[in-house]
Amino acid sequence: LAKTTQPISMDSYEGQEVNITCSHNNIATNDYITWYQQFPSQGPRFIIQGYKTKVTNEVASLFIPADRKSSTLSLPRVSLSDTAVYYCLVGPSNSGYALNFGKGTSLLVTP
Amino acid sequence: EAEVAQSPRYKITEKSQAVAFWCDPISGHATLYWYRQILGQGPELLVQFQDESVVDDSQLPKDRFSAERLKGVDSTLKIQPAELGDSAMYLCASSLNRGRTEAFFGQGTRLTVV
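These protein sequences, in sequence, are chains A and B. For what it's worth, the numbering used here labels the leading residue of the first sequence as 1, then goes sequentially. For what it's worth, the numbering used here labels the leading residue of the second sequence as 1, then goes sequentially.
For the record, the hints were derived by calculation from the structure and aren't laboratory data. Some clues are possibly wrong.
Stated by the list, open to error - The calculated DSS-like cross-link candidates involving lysine-lysine, where the alpha carbons are at most 27 Å apart (straight line), are: (1) A/3 to B/62; (2) B/15 to B/78; (3) A/69 to A/54; (4) A/103 to B/71; (5) A/3 to A/69; (6) A/103 to B/78; (7) B/71 to B/15; (8) B/78 to B/62; (9) B/15 to B/62; (10) A/69 to A/52; (11) B/62 to A/69; (12) A/52 to A/3.
No experiment lies behind these values; they were computed from the predicted model shown.
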């Protein structure tokens, strides 16, 4: 399984755009990149998933360069409620959608 | 909106006692996961089911942990005997199948072993 590296923590002010980068140098051809969000005392929640280039939904955007060795989760205009831990997962789609979480990035949004 | 149901939400047990957690996945979801999450760390996969079959239990401490999903619907995770180090959040998740579909997590069971 591809190993992922994320910053342990990030700080932001309300209204700013936040970009969280995840490194996955040994990503395999059939691996997808998935991001989850977790609030304290709750289970993780799926945010977005992509394979290459750019994916956007109502919550976030995911940017994946051509070499796919990294990815960036972009949260536009964060609010206090975006304070959470964000996990980057890389896994093969043909073996059960591997859900192996690392330590994640703890995002703190302040006024 | 359909949810993954877990019970109990909180459990306090003495070490060496047995404890069980229950999970009811979203209807129609064939894949079910049990995770353990220690405070400050990411969730750690314990066991994965596809219908009633175990797909991956390589991280499950089989000397004291057991998991079953007899009819391929709800699932039970048991610890016997519980140890102090088992104190953690136990999360259940389900997904439609083993493809690249998103997984839905329950609220978890917070276990405290004293």
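Okay, the hints, checked on the actual structure:
no.	hint	in the structure
1	A/3 to B/62	holds (26 Å)
2	B/15 to B/78	holds (14 Å)
3	A/69 to A/54	holds (14 Å)
4	A/103 to B/71	violated (34 Å)
5	A/3 to A/69	holds (11 Å)
6	A/103 to B/78	holds (25 Å)
7	B/71 to B/15	violated (31 Å)
8	B/78 to B/62	holds (10 Å)
9	B/15 to B/62	holds (17 Å)
10	A/69 to A/52	holds (10 Å)
11	B/62 to A/69	violated (36 Å)
12	A/52 to A/3	holds (18 Å)
This entry does not satisfy hints 4, 7, 11, going by the numbered hints stated previously.
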